[in-house]
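*Asks:* Here is what each chain is made of, one letter per residue.
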Amino acid sequence: MIATEPNPLYEGLQIRRRPSPCALVIFGATGDLTQRKLMPALYSLAYRRLLPERFAIVGAARTEGTDDEFRERMKDAVQRFARDPFRQDVWDELAAGMRYCGLEFDDDAGEDELAQVLREVDAHRGTQGNRLYYFAVPPSAIEMLVREVAERRQDDGWVRLIIEKPFGHDLESARHLNELIREHFDESEVFRIDHYLGKETVQNMLALRFANGIFEPIWNRQFIDHVQITVSESMGIEGRAAFYERAGAIRDIFQNHLLQLVAITAMEPPSDFTADSVRNEKVKVLHSLHTPGPKSVVRGQYGRGFIEGEEVPAYREEDGVDPVSETETFVAAKLYVDNWRWADTPYYVRMGKRLPRRETTIAIQFKRAPHPPFAEAAAEGLRPNVLLIHVQPNEGMSLAIGAKVPGLGVSIRTVHMDFLYGSTFREGLPEAYERLVLDAMLGDATLFTRADEIEEQWAIVDAITAAWKRDRPSFPNYPAGTWGPPSADDLLHRDGRSWRRH
Amino acid sequence: MAPTLIEDWSGHDVTIGEVESELARLRATSAEEGANTQQRTSVMTHVAWVPPEWLDAAERTLEGLAERHPSRTVILVPKPEESESRIDADLSVRCFAAADRAVCGEVIELHLLGDRAMAPASIVLPLAISDLPVFLRWRGQPDFAGAQWEQLVGVADRVVVDSSEWDELRYDELSSAFERTALSDIAWSRIFDWRVALAGYWPGIREQEIRVRGPRAEASLLRGWLAAQLHRAVRPVERAGELGVRLGGEELPSPRTEPRSPSDLLSAELDHFARDRIYEAAVAAAV
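Protein chains in written order, with this note's numbering: chain A, 3 to 504; chain B, 39 to 325.
The set of hints was computed from the structure by calculation and includes no laboratory data.
Virtual Cβ for every residue (Gly too), placed ideally from N, Cα, C.
Wrong hints could be hidden among the right ones.
[What the hints assert, rightly or not] Anything over 10 Å on all C-beta distances counts as not near chain A; from chain B, calculated:
#1 Asp46
#2 Glu60
#3 Glu203
#4 Ala278
#5 Ser299
[Unchecked claim] Negatives, chain B to chain A, calculated, CB over 10 Å:
#6 Leu93
#7 Glu97
#8 Asp126
#9 Asp153
#10 Leu163
#11 Ser168
#12 Gln186
#13 Trp204
#14 Gln246
#15 Pro274
#16 Ser292
#17 Arg298
#18 Leu303
[Stated by the list, open to error] Looking from chain A toward chain B, a few residues come up when the C-beta cut is under 10 Å (computed):
#19 Glu7
#20 Asn9
#21 Pro10
#22 Leu11
#23 Tyr12
#24 Glu13
#25 Gly14
#26 Leu15
#27 Arg51
#28 Glu55
Based on the provided sequences and hints, a complete structural model is requested.
*Replies:* Written out as structure tokens, the structure is:
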């Protein structure tokens, strides 16, 4: 009787719900993602005592190795990449539950060995048969792993899958993968990760819109002239030629991160903050998105140029890239959301590599004041109000407003009111992976992408790339270190607009 | 990271109007001199009632606090025994590097001499930043019947004390302010890890003998919390240097605690706005 009563000692303790015991199985445990992101995130969770009390990490990869070697490699990763100081006691606790299994993913014997390791973990660590599988592997391995995991599924305990992007390479392959997963797993057991959704600023967009009464009434076509979303990177492909040659900017960034930013900016208020309510609203936006035609999408590929004063090679000169490659490293597009709120309000989006700086921003440009009485005085300086959301770096937001320059005349100048996370909340922001891995352990899929969202995203990409198949691009068409090809500027100039000044 | 003191000013026998105008001048000067863009940022008005013997400790805490809670800080140093009645002021603008700019907060240290120490609310109100909450940190043992406590509780949205600083644990008098403002105690935040650890012993803890020992304030609050939440009697605390709990005759392992500076502890309190009913029940049971 007593055990079923709520624990009164937890009342008022402001601690996050701790996940139930589980083993986290990382396929691709020797890869870059595991070392740079996952392991540091797990360490940070351990540091804050947010992991389950009974927890284990089982690394699985093709490389042979021992448990101790795995621990050493992960310790090195934590010391290099974690945001928290290294503490031996925290590490010892985490490392005590670490195992490693070298195997070929398509080898039954290897998979059986992994299953045996997991049974041992259950026995020694008390993880109760609960499994969180993280597929940090190339897309080609995912189908096979889904089948292997499903075949060895036990009756006791829960099973959840975290699947890294890219999820498929077009609508057909994404549907095929979704169908395969549905054969073996319930949608509630599948967590398709897009780490942008774990970023504080992306979540803050929801807080900004739905926790402040002043924004939502003007968040529509009546008051907003257009929206600009920029996801720019200054780096090149960083040795990922094999992946990037197949993916290009449209599959690497547009299909996932960028469309998620559009969806969060444009979505209707959900009735609550549960996973399905939020995702239902995002799907509606994605379903309503369209580009007005092939001329509304611009693609580019960088040539030689300069980044931070250093000359960098053209895309076609990068190691592993086809010297006549037609892969795009830049995409700009005009999108429309066909609904009552956004009709005729363009969303201009652009993303690319080897742009002048790393930046992800959402700029909401409001309509000009209908009849500013200071038109003459403000002719040079007065610009429309812009609400700028800095997703990264320097997370925060700023509002550009016109203000009178002190003096006897009436001179108007645009000034910025800034809210920077770094200057108001002087605490380290959690890494996106910390939030997302913890949410998956808790079974909360709010910040993960649902099957129908993925398919809507691919439908938009397929519509764009279908047009690309009909003509050959003239690449390269922008020098590294610039904001893309001139046609990207034309895309806005045709509408009497321009990209934000940087 | 320690702040960079950009500008300061001291005044003898000042008015609040002079304080305001000097602050405006300091802000303007710091904006001209700073290499980076200066940004004044505040999430609250932080008032500290600091009798002179607590001034050094308060300033040390403040150094670590301003970075996490940029605010206008008003330090009131009462010196009612002085024969002359006046206000002396030390003002400073302190900045921290933040990305491509510097974030600046203001520290207003006012020494309230003679009768000027008797009506502190009238000094705080004109200095409080509009529309932001006022947090009051009361250093040392409050005189719960005194006019200063009465007035400052009246203007603060949240009052933070540290009962481990008190000569006597007068929780019954403290609890009389619960209906007027949100109150918290840094001694209470020091026992957080123990509370989390003890919650893990549910449901056995409900029936087992519990013995709490430790520093007077922390041990009393932990005992009060257990008694209030479990609706049972818990033995009086035993004095000791560190908190410890015996449950059913067995010594419990100490929870892993993060070393937290006085600034961290106060910062944690400043993150909360609402009344903490669990704390209030623990205080009532600790009496």
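*Asks:* Hint by hint, say whether it matches the structure.
*Replies:* Hint check results:
At roughly 21 Å from the closest C-beta of chain A, the C-beta of aspartate 46 of chain B stays outside 10 Å, upholding its exclusion from the interface. For glutamate 60 of chain B, the non-interface assignment is confirmed: its Cβ lies about 20 Å from the closest Cβ of chain A, beyond the 10 Å cut-off. Annotated as non-interface, glutamate 203 of chain B keeps its C-beta farther than 10 Å from every C-beta of chain A; the closest such distance is 24 Å. Residue placement check: alanine 278 of chain B keeps its beta carbon more than 10 Å from all beta carbons of chain A (closest about 22 Å).
At the 10 Å boundary, the C-beta of serine 299 of chain B stays outside the reach of chain A, the nearest C-beta of that chain being 14 Å off. The non-interface label for leucine 93 of chain B is consistent with chain A: the shortest C-beta to C-beta separation is roughly 24 Å, beyond 10 Å. With a least beta-carbon separation of about 19 Å from chain A, glutamate 97 of chain B lies farther than 10 Å from that chain, consistent with its non-interface assignment. With a closest Cβ-Cβ approach of about 31 Å to chain A, aspartate 126 of chain B is found to remain outside the 10 Å limit, as its non-interface label requires.
Look at aspartate 153 of chain B: its CB is around 38 Å from the nearest CB on chain A, clear of 10 Å, so calling it non-interface holds up. Once the 10 Å rule is applied to beta carbons, leucine 163 of chain B is consistent with being away from chain A; the minimum gap is 24 Å. Interface exclusion of serine 168 of chain B from chain A stands, the closest Cβ pair being 16 Å apart, more than 10 Å. Interface exclusion of glutamine 186 of chain B from chain A stands, the closest Cβ pair being 30 Å apart, more than 10 Å.
Here tryptophan 204 of chain B stays apart from chain A, with its beta-carbon at least about 23 Å from theirs, past the 10 Å limit. Non-interface status of glutamine 246 of chain B relative to chain A is upheld: no Cβ of that chain comes within 10 Å, the nearest being about 12 Å off. With a minimum CB-CB distance of about 20 Å to chain A, proline 274 of chain B clears the 10 Å threshold, and the non-interface call stands. In this structure serine 292 of chain B is separated from chain A by more than 10 Å, as the shortest Cβ-Cβ distance comes to about 13 Å.
Under the 10 Å C-beta cut-off, the non-interface status given to arginine 298 of chain B relative to chain A holds; the minimum distance is some 13 Å. For leucine 303 of chain B, the shortest C-beta to C-beta distance to chain A comes to about 15 Å, beyond the 10 Å cut-off, and the non-interface label holds. Interface hint status for glutamate 7 of chain A: upheld, as the beta-carbon distance to the closest one in chain B is roughly 7 Å, under 10 Å. The restraint placing asparagine 9 of chain A at the interface with chain B holds, with a minimum CB-CB distance near 4 Å, inside the 10 Å limit.
Taken as an interface hint, proline 10 of chain A checks out: its beta carbon lies about 4 Å from the nearest beta carbon of chain B, inside 10 Å. Nearest Cβ of chain B to the Cβ of leucine 11 of chain A: about 4 Å, under the 10 Å cut. The hint holds. With a cut of 10 Å, the hint placing tyrosine 12 of chain A at the interface with chain B holds, because the nearest CB-to-CB distance is about 5 Å. Annotation: glutamate 13 of chain A was flagged as interfacial toward chain B, and the flag holds, the nearest CB pair being 6 Å apart, inside 10 Å.
A least Cβ separation of about 3 Å between glycine 14 of chain A and chain B falls short of the 10 Å threshold, and the interface hint therefore holds. The beta carbon of leucine 15 of chain A comes within 6 Å of a beta carbon in chain B, closer than 10 Å, and the hint placing it at the interface holds. A cut of 10 Å between beta carbons decides the hint on arginine 51 of chain A: the least distance to chain B is about 7 Å, and the hint holds. This hint holds: glutamate 55 of chain A has a C-beta 8 Å from the nearest C-beta of chain B, less than the 10 Å allowed.
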